[in-house]
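Student: Residues per chain, in single letters:
Number of protein chains: 2
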Amino acid sequence: MININEAINIIIENTENISFEQRDIINCNNRVLAEDIYSNDNLPPFNKSAMDGYAIKSQDTVGVHKDNKIGLEVKKTIKAGDWCEDILKNGEAFKIMTGAPLPIGADSVIKIEKTAEENNIVYIESRVKQWENVIRLGEEIKTLDIALKKGALIRTSEIGLLASLGYTNITVYKSPVVALIITGDELVDIESKLEKGKIRNTNEYTLTSLIENSGAEIISFGTVTDNRSLILEKVKLALGKADIIITSGGVSVGEYDFIEDILIEVGANIKFNSVAIKPGKPITFATYDKKLIFGLPGNPLSVITTFEEFVKPAIRKIMGKRKLFSNEFDVRLSNDFKSKLGRRDFVYVHLEKENGFYHAHKIGTQSSNQLMNLTKSNGLIIIPEERETAREGEILNGRFIFE
Amino acid sequence: MININEAINIIIENTENISFEQRDIINCNNRVLAEDIYSNDNLPPFNKSAMDGYAIKSQDTVGVHKDNKIGLEVKKTIKAGDWCEDILKNGEAFKIMTGAPLPIGADSVIKIEKTAEENNIVYIESRVKQWENVIRLGEEIKTLDIALKKGALIRTSEIGLLASLGYTNITVYKSPVVALIITGDELVDIESKLEKGKIRNTNEYTLTSLIENSGAEIISFGTVTDNRSLILEKVKLALGKADIIITSGGVSVGEYDFIEDILIEVGANIKFNSVAIKPGKPITFATYDKKLIFGLPGNPLSVITTFEEFVKPAIRKIMGKRKLFSNEFDVRLSNDFKSKLGRRDFVYVHLEKENGFYHAHKIGTQSSNQLMNLTKSNGLIIIPEERETAREGEILNGRFIFE
Numbered sequence: 137m138i139n140i141n142e143a144i145n146i147i148i149e150n151t152e153n154i155s156f157e158q159r160d161i162i163n164c165n166n167r168v169l170a171e172d173i174y175s176n177d178n179l180p181p182f183n184k185s186a187m188d189g190y191a192i193k194s195q196d197t198v199g200v201h202k203d204n205k206i207g208l209e210v211k212k213t214i215k216a217g218d219w220c221e222d223i224l225k226n227g228e229a230f231k232i233m234t235g236a237p238l239p240i241g242a243d244s245v246i247k248i249e250k251t252a253e254e255n256n257i258v259y260i261e262s263r264v265k266q267w268e269n270v271i272r273l274g275e276e277i278k279t280l281d282i283a284l285k286k287g288a289l290i291r292t293s294e295i296g297l298l299a300s301l302g303y304t305n306i307t308v309y310k311s312p313v314v315a316l317i318i319t320g321d322e323l324v325d326i327e328s329k330l331e332k333g334k335i336r337n338t339n340e341y342t343l344t345s346l347i348e349n350s351g352a353e354i355i356s357f358g359t360v361t362d363n364r365s366l367i368l369e370k371v372k373l374a375l376g377k378a379d380i381i382i383t384s385g386g387v388s389v390g391e392y393d394f395i396e397d398i399l400i401e402v403g404a405n406i407k408f409n410s411v412a413i414k415p416g417k418p419i420t421f422a423t424y425d426k427k428l429i430f431g432l433p434g435n436p437l438s439v440i441t442t443f444e445e446f447v448k449p450a451i452r453k454i455m456g457k458r459k460l461f462s463n464e465f466d467v468r469l470s471n472d473f474k475s476k477l478g479r480r481d482f483v484y485v486h487l488e489k490e491n492g493f494y495h496a497h498k499i500g501t502q503s504s505n506q507l508m509n510l511t512k513s514n515g516l517i518i519i520p521e522e523r524e525t526a527r528e529g530e531i532l533n534g535r536f537i538f539e
Numbered sequence: 137m138i139n140i141n142e143a144i145n146i147i148i149e150n151t152e153n154i155s156f157e158q159r160d161i162i163n164c165n166n167r168v169l170a171e172d173i174y175s176n177d178n179l180p181p182f183n184k185s186a187m188d189g190y191a192i193k194s195q196d197t198v199g200v201h202k203d204n205k206i207g208l209e210v211k212k213t214i215k216a217g218d219w220c221e222d223i224l225k226n227g228e229a230f231k232i233m234t235g236a237p238l239p240i241g242a243d244s245v246i247k248i249e250k251t252a253e254e255n256n257i258v259y260i261e262s263r264v265k266q267w268e269n270v271i272r273l274g275e276e277i278k279t280l281d282i283a284l285k286k287g288a289l290i291r292t293s294e295i296g297l298l299a300s301l302g303y304t305n306i307t308v309y310k311s312p313v314v315a316l317i318i319t320g321d322e323l324v325d326i327e328s329k330l331e332k333g334k335i336r337n338t339n340e341y342t343l344t345s346l347i348e349n350s351g352a353e354i355i356s357f358g359t360v361t362d363n364r365s366l367i368l369e370k371v372k373l374a375l376g377k378a379d380i381i382i383t384s385g386g387v388s389v390g391e392y393d394f395i396e397d398i399l400i401e402v403g404a405n406i407k408f409n410s411v412a413i414k415p416g417k418p419i420t421f422a423t424y425d426k427k428l429i430f431g432l433p434g435n436p437l438s439v440i441t442t443f444e445e446f447v448k449p450a451i452r453k454i455m456g457k458r459k460l461f462s463n464e465f466d467v468r469l470s471n472d473f474k475s476k477l478g479r480r481d482f483v484y485v486h487l488e489k490e491n492g493f494y495h496a497h498k499i500g501t502q503s504s505n506q507l508m509n510l511t512k513s514n515g516l517i518i519i520p521e522e523r524e525t526a527r528e529g530e531i532l533n534g535r536f537i538f539e
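Line order of the protein sequences matches chains B and V.
Final position of the first sequence in the working numbering is 539; the numbers increase by one with none missing.
Final position of the second sequence in the working numbering is 539; the numbers increase by one with none missing.
To be clear, the hints were calculated from the coordinates, so they are not data collected in a lab.
You may find that some hints are simply not true.
The list treats identical chains as interchangeable, and a pair is accepted whether it falls inside one copy or across any two copies.
[What the hints assert, rightly or not] Result set (DSS-like, lysine-lysine): computed pairs, CA atoms no more than 27 Å apart in a straight line:
| id | residue 1 | residue 2 |
| --- | --- | --- |
| 1 | 285 | 498 |
| 2 | 459 | 498 |
| 3 | 474 | 265 |
| 4 | 489 | 459 |
Please build the complete structure, drawing on both the sequences and the hints.
Tutor: Here is the structure:
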């Protein structure tokens with residue numbers, strides 16, 4: 137049995153990016169850029185009006201104030217999308233709309249609200265500074281400047297910037313394909329009535345949900361009975377098709393817990409088979425070439441916890457993400473909680489902000505075979521290895537779940 | 137011009153759930169339950185062993201300790217998925233695997249690690265309490281108990297619980313269909329070279345990304361030139377097909393800003409056309425029957441900000457969500473920031489946790505026409521209406537963006 141920090145280090149050390157792919161920018165949300173992006177244009181590509189108003193020469197307003205107005209001749213109107221070849225001369229103004237290009241000769245825009253127009257003359261009674269209300273050519277980015285660096289997370293802002301630069305598709309890190317093998321003689325399909333001794337195949341659904349939320353692709357191999365050769369066959373099949381293989385069940389010390397033996401038989405390299413955490417202690421991690429194999433426990437709460445702690449950071453690393461772990465923050469306990477020396481406990485709680493500070497409220501039993509209480513939870517607290525109990529009023533690390 | 141709190145109240149008051157739909161549970165992630173869910177079974181459906189060990193009668197271990205061992209005859213093995221009709225008698229033990237049903241007569245399980253078996257006799261040297269290591273029938277939930285209430289957010293835990301109860305599909309609130317109309321003579325497709333006076337159609341991409349992330353469905357009507365009758369036609373078409381109509385551009389005071397006039401012409405009820413915020417002041421909100429119409433500005437940063445502040449809470453309410461707004465938290469300023477009395481400023485910053493507290497670092501110009509700086513940001517700070525400046529070291533409300 138190893139501690140969780142060792143376990144996570146082993147997983148991260150053995151995890152590599154798979155490869156790259158080209159994708160339409162609109163399908164790149166939450167992906168990571170695998171190339172540097174340079175600008176092929178100046179943005180904006182011209183001196184652009186930031187206001188509805190009049191494009192003028194700022195020098196025409198030198199000395200202008202309330203008691204010393206000037207009138208400029210309005211020669212024409214430029215709207216957004218137009219291109220004006222006419223040159224603005226001293227004493228002239230071109231009416232201009234937000235987003236329209238400034239004519240040659242103009243170096244500023246006066247807001248329409250600060251002017252009055254009558255008989256083609258616009259009256260101005262305040263000084264305008266050079267480049268006032270003008271977004272200068274190349275102010276956002278210049279031709280050949282770097283726009284986004286390899287490793288950038290693609291969000292709405294990056295999709296927008298790429299669109300404005302004319303990039304329709306980009307190279308991003310590939311998402312891993314995750315194969316799912318659920319083992320257990322006791323499992324029946326979820327639409328089935330419960331025959332004697334049977335329970336429904338919950339883990340296929342929770343794991344599918346978790347894998348999809350993580351951004352990975354899923355291939356489900358469905359359920360397999362606790363039959364060594366059947367499981368072996370599925371594991372071999374999965375190794376041919378996926379980058380990550382997840383099994384659920386069959387990792388305890390019982391007579392029908394075959395997973396570790398099977399992994400040894402296929403030639404996988406077992407890295408650990410037990411971690412000092414609750415829930416989820418019996419978890420096996422192995423590698424096979426560059427593929428990762430996670431033997432998760434069979435209890436629903438253990439499955440969710442071990443996926444989040446061990447599998448998700450690996451998926452994130454494969455996808456090129458810099459942030460592998462969720463944000464933790466200080467949480468004050470509203471109840472007493474029990475733990476065990478030498479073990480890290482993940483206790484699901486209801487987190488509520490009270491006077492600017494998050495408080496953790498007990499939601500009841502943390503029995504690893506049930507999900508009912510987890511539906512009342514929105515977060516967890518982490519009781520560290522060196523603690524046997526945690527008391528009301530104490531502060532521990534916590535985080536939100538399913539975010 | 138109204139303030140942002142009034143604006144949000146008006147939007148929320150005018151927003152209703154559309155209707156319900158049946159969906160497969162695996163496609164219900166992040167949806168809201170529109171029915172109460174009751175259990176048709178006891179979970180677990182039998183007294184279940186929580187350990188690999190031996191099912192016994194606890195009374196057989198009364199008085200047992202290290203110096204007073206007992207031996208029980210091992211009659212058979214029950215594995216997960218088995219159903220055993222044999223009755224356990226005093227002096228007997230049935231070997232039992234995790235997840236297997238207890239035989240009639242047994243009321244406890246002793247862990248295999250605490251026993252020694254030899255010649256079909258299992259030796260026990262400690263007292264076992266009644267129901268020790270047993271998950272009782274109905275402990276998680278009993279037949280006809282309520283499992284999930286209408287209004288519950290469906291996450292991995294809820295999908296798992298529903299699967300364990302045999303629900304393959306459920307009734308959830310429908311997501312709204314959002315129609316997108318982007319206006320502007322200056323816009324060209326993103327794959328186009330930039331002709332004189334033109335910029336690329338960035339907003340269609342950012343809005344598509346924001347709408348998809350919010351869980352709504354999208355119908356894009358593409359770009360329309362600043363032609364009153366063409367825009368009118370598209371708005372009418374959109375009103376026939378969508379629950380929410382978003383336009384971008386055409387809401388300022390310029391001569392080609394038609395949106396408000398067009399909305400009046402189709403018979404929409406204009407609720408407001410200007411909000412005291414930055415970026416995004418010229419935003420129009422109208423209703424038409426139960427449909428919502430948002431006339432967003434044309435500048436990319438204003439589009440993103442107004443979508444997040446005004447459209448997203450409406451989408452969330454339609455989807456039945458209780459939490460309409462993002463979590464805010466205290467942020468300490470690492471720089472000075474300027475604002476304007478009477479206006480609420482959303483300033484994009486880089487948030488970084490230092491000594492357990494988030495600090496806001498300036499990322500540069502907040503010019504609403506550009507996204508380059510937004511790509512350097514992971515959050516925002518909110519400068520309230522009553523402040524003209526905010527100084528280094530002060531604490532304001534902040535939040536993460538694109539979460």
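Student: Could you run down the list of hints and mark each one as holding or not?
Tutor: Going through the hints against the structure:
In the homo-oligomer, the alpha carbons of residue 285 and residue 498 lie at most 27 Å apart only across protomers (20 Å), although the nearest pairing inside one protomer, at 44 Å, exceeds that limit. Taking the shortest Cα distances, residue 459 and residue 498 sit within 27 Å of each other only across copies (21 Å), while inside one copy they are farther apart (29 Å). Taking the shortest Cα distances, residue 474 and residue 265 sit within 27 Å of each other only across copies (20 Å), while inside one copy they are farther apart (68 Å). In this assembly of identical chains, residue 489 and residue 459 lie within 27 Å of each other by CA distance both inside one copy and across copies; the values are 25 Å within and 14 Å between.
The structure fails none of the hints (numbered hints given earlier).
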